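Peer 1: Let the hints inform the model, and build the full structure from the sequences given.
Residue numbers (the UniProt record's numbering), protein chains in the order written: chain A, 1 to 169; chain B, 1 to 169.
Among the hints, a few may not be true.
Where chains are identical, the list cannot tell them apart; a pair therefore holds if satisfied intra-copy or between any two copies.
What the hints assert, rightly or not - The calculated SDA-like cross-link candidates involving lysine to any residue, where the alpha carbons are at most 20 Å apart (straight line), are: (1) Lys-123 to Glu-153; (2) Lys-111 to Glu-142; (3) Lys-154 to Ile-40; (4) Lys-46 to Glu-159; (5) Lys-148 to Ser-110.
Please keep in mind that the hints were generated in silico from the structure rather than gathered at the bench.
Quantities reported herein were computed from a predicted structural model and do not represent experimental measurements.
The residues making up each chain are set out below.
Number of protein chains: 2
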Amino acid sequence: MKVVFLSVLLEMVCAAQEVEAQPSVAELSGQWRTVYIVSINLEKLKSNGPFRVYLKKPLSDDELGTVDFYLYARCKGNWEYKHIMGVKQDDGIFAVDYEGENAFEVVHVSKTILVAHNINVDKHGQQTVLIGSFVKVNIEEEGLQKFKQLRQEKGIEEENVVNFIETDD
Amino acid sequence: MKVVFLSVLLEMVCAAQEVEAQPSVAELSGQWRTVYIVSINLEKLKSNGPFRVYLKKPLSDDELGTVDFYLYARCKGNWEYKHIMGVKQDDGIFAVDYEGENAFEVVHVSKTILVAHNINVDKHGQQTVLIGSFVKVNIEEEGLQKFKQLRQEKGIEEENVVNFIETDD
Chain A
1 MKVVFLSVLL
11 EMVCAAQEVE
21 AQPSVAELSG
31 QWRTVYIVSI
41 NLEKLKSNGP
51 FRVYLKKPLS
61 DDELGTVDFY
71 LYARCKGNWE
81 YKHIMGVKQD
91 DGIFAVDYEG
101 ENAFEVVHVS
111 KTILVAHNIN
121 VDKHGQQTVL
131 IGSFVKVNIE
141 EEGLQKFKQL
151 RQEKGIEEEN
161 VVNFIETDD
Chain B
1 MKVVFLSVLL
11 EMVCAAQEVE
21 AQPSVAELSG
31 QWRTVYIVSI
41 NLEKLKSNGP
51 FRVYLKKPLS
61 DDELGTVDFY
71 LYARCKGNWE
81 YKHIMGVKQD
91 DGIFAVDYEG
101 ENAFEVVHVS
111 KTILVAHNIN
121 VDKHGQQTVL
131 IGSFVKVNIE
141 EEGLQKFKQL
151 RQEKGIEEEN
161 VVNFIETDD
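Peer 2: The structure is reproduced here in structure tokens:
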């Protein structure tokens, strides 16, 4: 009896170890850039496709369970800066209203890379699976110090610094 | 006499240690993004200014001593993708023909950050000092593997991957 119990316990422990810890949504916040998106349905990814999306900065709120995506997407041939909101469901997947309904899941997130899985159902009821990878813009402290030092050496005030990552238009 | 000679030698060694090794131009190649640019002359950096430049990828050639800059800049209100070439001079500074003449110097370059100094002399003879910092888009192998694994699990062919960093338009 004891042996059976221990064996079951051991299986449970092993199974738990195999499941990757759920990524912290808080890590999502920051400046991210789209690297790759893949789908069987390339119509959604072509130049004017709705998922030709250049991510800028998602902002996540762990308490509210929301993610605000800020991104560029094409709309009738022109680039548009869009704000799209995702709401976390009980299963950890975000419900996102964009080009139909989406179930957006963070598969892997670290300080530098984000891998996400999305199922879109468009207004015609067509289902499309998309997988995206995104890279975080990390600015190394040592380099920032060199920049600051050089600016001071040249006698230029801090207020004259233009931030291109935040104002990226 | 010996003491004086040793003291001079010691001073020379110390001075040599203070000088930072010249950055390798080969490290310049890759996908970079503009983070900050600073100048006393903000006219050059305002929304339609010639140095409101979003760097994409410089390609350097150590043997030829050239750097090819690919970047976006505004031209009469529209974004233009530009190719600008720099030629290395004997002093290690690049001569670049863009909005007048430029002396472009790499001050610091690592695997993640680039700090550069530029002196522009425009067609009216006005001199402007600019300092820029740029961040490299590094894609972590672990994250790439997760993306690949997920793509394979979903049965999507590699040829369906859209590279957003390379086709960033």
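Peer 1: Each of the hints needs a verdict: does it hold here or not?
Peer 2: Going down the list of hints, with the structure as the test:
1. Taking CA atoms no more than 20 Å apart as the test, Lys-123 paired with Glu-153 passes in neither setting, with 58 Å inside one copy and 26 Å between copies.
2. Taking the shortest alpha-carbon separations for Lys-111 and Glu-142, both the intra-copy value of 18 Å and the inter-copy value of 12 Å come in at or below 20 Å.
3. Only between protomers do Lys-154 and Ile-40 lie at most 20 Å apart by alpha-carbon distance; the minimum there is 9 Å, versus 53 Å within a single protomer.
4. Within a single copy, Lys-46 and Glu-159 get their C-alpha atoms only as close as 41 Å, which misses the 20 Å cut-off; across copies the closest is 13 Å, which meets it.
5. Taking the shortest Cα distances, Lys-148 and Ser-110 sit within 20 Å of each other only across copies (16 Å), while inside one copy they are farther apart (28 Å).
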